[in-house]
Amino acid sequence: MIRCELNALCGSRYSSFDSYRQHIYRCHRSLIDPFDNDHSGSVAIEKALNDIGGSSVDCISSNEPDLTVDSDEFIHPEEELSEIDYQPINFGPILNNVFDQNTGCTKLTAFYTYFLLEFREHHLLPQKLVQLIISNICSLLDIIIKITNAKTLSACAPVIDFATVLREINQIISFISKNEYQFLKQCTEHFDYQPPTKIMLNTAEECANYVPLKQSVSCMLHDDQLLQAIIDNIKSLSTCTAKDKDLIISNRQCRSVRSNLVRPTNSNALLLKLYTDGIDITNPIGPKKDSHKLTCFYYLLDDLPEIVRSQVDSIGLHCLCYTKNLNNDNSRRMLMNILVEDLNKLQIESISIPRLSSRIYFVFSTFCADNLASNEIGGFQKNFNGGHFCRHCFITYENRHIPLTDISFVPRSRLKHDKIVNHIIANNGRQIVQGVKGLSWFHDLIGFHSTESLPPDIMHDIAEGSTAR
Numbered sequence: 001m002i003r004c005e006l007n008a009l010c011g012s013r014y015s016s017f018d019s020y021r022q023h024i025y026r027c028h029r030s031l032i033d034p035f036d037n038d039h040s041g042s043v044a045i046e047k048a049l050n051d052i053g054g055s056s057v058d059c060i061s062s063n064e065p066d067l068t069v070d071s072d073e074f075i076h077p078e079e080e081l082s083e084i085d086y087q088p089i090n091f092g093p094i095l096n097n098v099f100d101q102n103t104g105c106t107k108l109t110a111f112y113t114y115f116l117l118e119f120r121e122h123h124l125l126p127q128k129l130v131q132l133i134i135s136n137i138c139s140l141l142d143i144i145i146k147i148t149n150a151k152t153l154s155a156c157a158p159v160i161d162f163a164t165v166l167r168e169i170n171q172i173i174s175f176i177s178k179n180e181y182q183f184l185k186q187c188t189e190h191f192d193y194q195p196p197t198k199i200m201l202n203t204a205e206e207c208a209n210y211v212p213l214k215q216s217v218s219c220m221l222h223d224d225q226l227l228q229a230i231i232d233n234i235k236s237l238s239t240c241t242a243k244d245k246d247l248i249i250s251n252r253q254c255r256s257v258r259s260n261l262v263r264p265t266n267s268n269a270l271l272l273k274l275y276t277d278g279i280d281i282t283n284p285i286g287p288k289k290d291s292h293k294l295t296c297f298y299y300l301l302d303d304l305p306e307i308v309r310s311q312v313d314s315i316g317l318h319c320l321c322y323t324k325n326l327n328n329d330n331s332r333r334m335l336m337n338i339l340v341e342d343l344n345k346l347q348i349e350s351i352s353i354p355r356l357s358s359r360i361y362f363v364f365s366t367f368c369a370d371n372l373a374s375n376e377i378g379g380f381q382k383n384f385n386g387g388h389f390c391r392h393c394f395i396t397y398e399n400r401h402i403p404l405t406d407i408s409f410v411p412r413s414r415l416k417h418d419k420i421v422n423h424i425i426a427n428n429g430r431q432i433v434q435g436v437k438g439l440s441w442f443h444d445l446i447g448f449h450s451t452e453s454l455p456p457d458i459m460h461d462i463a464e465g466s467t468a469r
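Position 261 of the sequence shown, counted from 1, bears residue number 261 in full-length UniProt numbering, the numbering being contiguous throughout.
The hints are simulated quantities; they were obtained by calculation from the structure and are not laboratory data. Here a beta-carbon is modelled for each residue, glycine too, at the ideal position from N, C-alpha and C. Mixed in with the good hints, there may be bad ones.
Okay, the calculated beta carbon distance ranges per label pair [to be verified]: (1) Asp418 with Asp461: 21 to 27 Å; (2) Ser352 with His401: 53 to 59 Å; (3) Phe111 with Gln311: 22 to 28 Å; (4) Tyr193 with Arg309: 23 to 29 Å; (5) Val312 with Asn428: 41 to 47 Å; (6) Asp290 with Leu124: 23 to 29 Å; (7) Asn428 with Gln127: 48 to 54 Å; (8) Leu415 with Lys198: 25 to 31 Å; (9) Ile425 with Met459: 30 to 36 Å; (10) Asn427 with Leu124: 50 to 56 Å; (11) Asp418 with Glu398: 24 to 30 Å.
Straight-line distance between alpha carbons at most 30 Å, and here's what the computed DSS-like set of lysine-lysine pairs gives [what the hints assert, rightly or not]: (12) Lys382 with Lys293; (13) Lys382 with Lys324; (14) Lys324 with Lys293.
Construct all of the structure, not just a fragment, from the sequences and the given hints.
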């Protein structure tokens with residue numbers, strides 16, 4: 001057990017050296033981080049503060065072990081937390097006189113949480129750098145309090161109030177920045193943050209995380225300007241289409257999408273597009289330096305104006321899982337059932353927007369991916385060097401170089417594809433028939449069909465592929 005004796009008023013105890021080190025960097029930064037990296041300067045500053053009579057003020061301390069062991073290891077709700085993590089800050093009577101407990105302190109907490117969000121999400125600062133900035137802010141407030149107390153020659157109430165307010169603000173800042181759990185807790189309270197939902201797959205080691213679409217899309221559409229821009233864009237596209245029916249300018253003109261739009265009671269339902277891709281992440285240090293491949297599923301509102309739709313911020317993350325887990329039939333089936341149920345629920349129930357006093361309906365549009373992922377999702381063969389490799393027609397690999405002017409290929413249709421799938425299921429999926437391997441991952445998704453909902457991968461076909469026709 002390590003006891004902090006750097007300050008007479010601290011006395012916090014820690015069970016490991018790492019947690020004690022984090023405590024020093026968070027609450028006693030001024031002792032080890034001197035100005036201009038000059039240790040003598042730090043000692044001189046501390047001595048000067050002591051000479052003018054400033055009393056040392058610490059951050060929120062606790063006799064329990066520190067929860068922040070490492071800045072890259074986040075605290076989760078199921079972990080044991082100290083008693084202070086479950087209790088609100090006990091503000092002194094002087095602070096309550098200056099701030100209304102329900103307004104001033106709440107606004108301060110919300111503003112500071114947003115301040116951290118900008119650092120992390122907008123400027124993409126690493127967590128260690130954010131902690132360093134916060135530590136220096138707390139040290140700055142400590143210095144201001146010490147100077148204020150040193151200049152107080154008598155019990156002047158206004159000065160005492162000012163020092164107490166700063167001390168309580170320092171406590172609020174330290175409390176929110178204490179660990180990841182407290183930060184996410186404040187985001188949930190003030191900014192409607194929805195943590196990802198964990199999905200347990202076939203074994204205890206296999207899991208996936210997904211964000212429920214209804215909550216995610218609802219938060220996005222609560223922006224009045226964005227919602228109005230979507231409505232205006234739909235009207236503009238309808239006007240352009242009416243003027244020239246031969247011009248295809250949006251997915252709303254696709255045959256499969258038009259048939260889906262007939263279902264909801266509102267003909268102006270918003271189109272929801274899905275996208276999937278794989279990414280590789282690497283841990284450059286530590287014992288596990290191997291590359292980890294993840295499969296990500298994203299969603300995009302297809303009716304967003306082009307200038308907004310082209311921005312990365314408009315693409316929402318829907319699901320994240322290890323690619324190796326999708327190779328297991330049971331794990332993949334469990335995950336797809338949850339994702340399809342979530343998508344169908346959004347299309348059936350819609351969402352309510354209070355500002356419009358109405359409900360907004362959604363219709364599935366398309367599922368975008370590269371050729372390999374599209375074939376895998378659609379239940380087609382995953383190789384392109386033999387057989388019926390195209391998911392749009394019945395072309396064979398041997399006839400791929402014949403110009404379309406010399407031969408015509410029979411396109412795949414819903415009826416023909418369903419017959420092939422039923423034949424494969426009847427034979428327990430033991431063979432690939434005309435390029436079809438079996439059922440699609442999303443065969444139960446409303447509005448989805450393997451022959452119509454998986455558009456061509458033009459970028460790879462034209463720029464990289466050798467099978468383009």
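Hints, verified against the model:
1. Evaluation of the 21 to 27 Å hint for Asp418 and Asp461 yields a pass: the beta carbon distance comes to about 26 Å.
2. For Ser352 paired with His401, a C-beta distance near 55 Å keeps the hint of 53 to 59 Å intact.
3. At roughly 26 Å, the beta carbons of Phe111 and Gln311 sit within the given window of 22 to 28 Å.
4. Restraint check, Tyr193 to Arg309: a C-beta distance of roughly 24 Å satisfies the suggested window 23 to 29 Å.
5. Judged by the Cβ atoms, the range 41 to 47 Å given for Val312 and Asn428 holds: they are separated by roughly 44 Å.
6. Checked against the hint of 23 to 29 Å, the C-beta distance between Asp290 and Leu124 comes to roughly 25 Å, which is consistent with it.
7. Between Asn428 and Gln127 the beta carbon distance is about 51 Å. The supplied range of 48 to 54 Å therefore holds.
8. At roughly 40 Å, the beta carbons of Leu415 and Lys198 sit outside the given window of 25 to 31 Å.
9. In this structure the supplied range 30 to 36 Å holds for Ile425 paired with Met459, their Cβ-Cβ distance being about 33 Å.
10. Checked against the hint of 50 to 56 Å, the pair Asn427 and Leu124 passes, with Cβ atoms roughly 52 Å apart.
11. The hinted range of 24 to 30 Å is satisfied by Asp418 and Glu398, whose Cβ atoms lie roughly 26 Å apart.
12. A distance of roughly 18 Å separates the Cα atoms of Lys382 and Lys293; the hinted pair therefore holds under the 30 Å criterion.
13. The hinted pair formed by Lys382 and Lys324 meets the criterion: a straight-line CA distance of about 16 Å does not exceed 30 Å.
14. Restraint check for Lys324 and Lys293: the C-alpha separation of about 8 Å stays at or below 30 Å, so the hint holds.
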